[in-house]
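Chain by chain, the residues:
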Amino acid sequence: MNINLTLIGQTITFAIFVWFCMKFIWPPIVLALETRRKQVADGLAAGDRGRHELELAAKRATESLHEAKMKAAEIIAHAEKRSAQIVDEAKNAAKIEGEHMLAAARAEMEQDVFRAREQLRGRVAELVVAGAEKVLRREVDASAHADLLEAIKNEF
Amino acid sequence: MSAEAHTSTEYIKHHLEHLTYGQMPDGTWSIAQNAEQAKEMGFMSINLDTMGFSIVLGALFLYLFHLVAKRATVSVPGGMQNFVEWVVEFADNSVRGSFTGRNPMVAPLALTLFVWIFLMNAMDLLPVDWLPGLAVAMGVPFMKVVPTTDPNATFGMSIGVFLMVLYYSIKIKGIGGFVGELTLQPFGKWGMPANFLLEGVNLIAKPVSLALRLFGNMYAGEMIFILIAIMFSGGAVLALTGGVLQWAWAVFHILIITLQAFIFMTLTIVYLDMAHQEHH
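If you read the protein sequences in the order shown, they are chains A and B.
Take the first sequence: its letters are residues 7 to 162, numbered as in the numbering used here.
Take the second sequence: its letters are residues 19 to 298, numbered as in the numbering used here.
Bound conformation, chain A alone (with noise of 0.2 angstroms):
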């Protein structure tokens, strides 16, 4: 148990074995950790972040599903707004029409009726100035009383 140059050969002896790990051992070891720490915590960020955005695409989707209803409703809202004024034009022009029918129909009649009673009269008028003229032709120049044989069918 002499202190002797051992001493000093084991304090060189701890210098280098210290140099060595420092230099040798330390650096890749810690490196290797350090790296594999940053890996698992950006994994783990990664994971995070998806699931953030797996939350915000369904938000979305069902943002765009209700979206697409709301258009639907309106668009249906707006067919049944469109087709209900289609049949009230087709209704009002049908009655328009049928009414312009009715007119010409009535017009037409009248028509009809003017001209059978225009006729009727030029043939009652021939009817009487016929029988006047039996009657007459003895008594009655019928060239002599033209002017009041006339008179009379203007009057009917």
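No lab work stands behind these hints: they were computed from the structure.
A few of these clues could be false.
Said to hold, decoys possible - Here are the in silico distance ranges between beta carbons for each label pair:
1) Thr118/B x Ala67/A: 51 to 57 angstroms
2) Pro34/A x Glu217/B: 36 to 42 angstroms
3) Trp25/A x Thr46/B: 15 to 21 angstroms
4) Pro34/A x Leu256/B: 48 to 54 angstroms
5) Trp25/A x Leu256/B: 39 to 45 angstroms
6) Glu217/B x Trp25/A: 29 to 35 angstroms
7) Thr46/B x Ile9/A: 21 to 27 angstroms
8) Thr118/B x Arg43/A: 19 to 25 angstroms
9) Asn111/B x Pro34/A: 55 to 61 angstroms
10) Gly115/B x Pro34/A: 19 to 25 angstroms
11) Trp25/A x Gly206/B: 52 to 58 angstroms
12) Ala238/B x Gly53/A: 50 to 56 angstroms
13) Val262/B x Asp54/A: 56 to 62 angstroms
14) Gly206/B x Asp54/A: 33 to 39 angstroms
Glycine residues also receive a C-beta, built at the ideal position from the N, C-alpha and C atoms.
Here the structure of chain A is known, so what remains is to put chain B in place on it, guided by the hints.
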């Protein structure tokens, strides 16, 4: 190594003697054959067993860790890498916990100290007669297998730590700051001699306590193993008791060797932290 050949005292003395290489009184260089010769060699001699075992163990540590460091993968680590990373993180966390400065050397230093001291201490768990018995059979007179039971080894390390404490004290605080720290507190500049005495003792006590604590613990533990080993030559009952005792002490010693390695490492970190701190 039977009781017939040795008395108990001789047995113990034999176990406490280093394999010392140095200059013999007649001027030749050789291995000391007994304690007197080793003593006469004085300072200019070297304990081959301490140096050999400590270097082999340190090299083993560096080799295994270097093997892992070379092939360190970022992806899933294998069993060996896992173990090495665990030890490295343990040292790293100890440094983070106690060391507030910024110095890339402290963590590798702590790791080296911890593993190296642990391995050297662990040699204590080998039955005390195995390697010395083998050595004697091979014609080598002495063999002390636990380097940390040699004060040369523990002081060697603590002097290394002490030199670093001095170096960083002066580097961080400057010579003036370091001298000021030694002389201007706690009593102010008029109490300079008293300050210097107190702070000087404080400073010197660091490496001395560091080395003596480790040496004392390991030496005492080794001594108990040796004493237990004497029982093996005292008949069947005593030998059986000795066996049980040796096992029990070895189990308890596992705690001590780990704890002493940890204490040495932690105190080194703390001393270096103090060297890095400026406080006034």
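The hints, checked one at a time:
no., hint, result
1, Thr118/B x Ala67/A: 51 to 57 angstroms, "53 angstroms, holds"
2, Pro34/A x Glu217/B: 36 to 42 angstroms, "41 angstroms, holds"
3, Trp25/A x Thr46/B: 15 to 21 angstroms, "35 angstroms, violated"
4, Pro34/A x Leu256/B: 48 to 54 angstroms, "53 angstroms, holds"
5, Trp25/A x Leu256/B: 39 to 45 angstroms, "49 angstroms, violated"
6, Glu217/B x Trp25/A: 29 to 35 angstroms, "30 angstroms, holds"
7, Thr46/B x Ile9/A: 21 to 27 angstroms, "23 angstroms, holds"
8, Thr118/B x Arg43/A: 19 to 25 angstroms, "22 angstroms, holds"
9, Asn111/B x Pro34/A: 55 to 61 angstroms, "19 angstroms, violated"
10, Gly115/B x Pro34/A: 19 to 25 angstroms, "23 angstroms, holds"
11, Trp25/A x Gly206/B: 52 to 58 angstroms, "41 angstroms, violated"
12, Ala238/B x Gly53/A: 50 to 56 angstroms, "55 angstroms, holds"
13, Val262/B x Asp54/A: 56 to 62 angstroms, "58 angstroms, holds"
14, Gly206/B x Asp54/A: 33 to 39 angstroms, "58 angstroms, violated"
Of the hints listed earlier, those the structure fails to meet are numbers 3, 5, 9, 11 and 14, in rising order.
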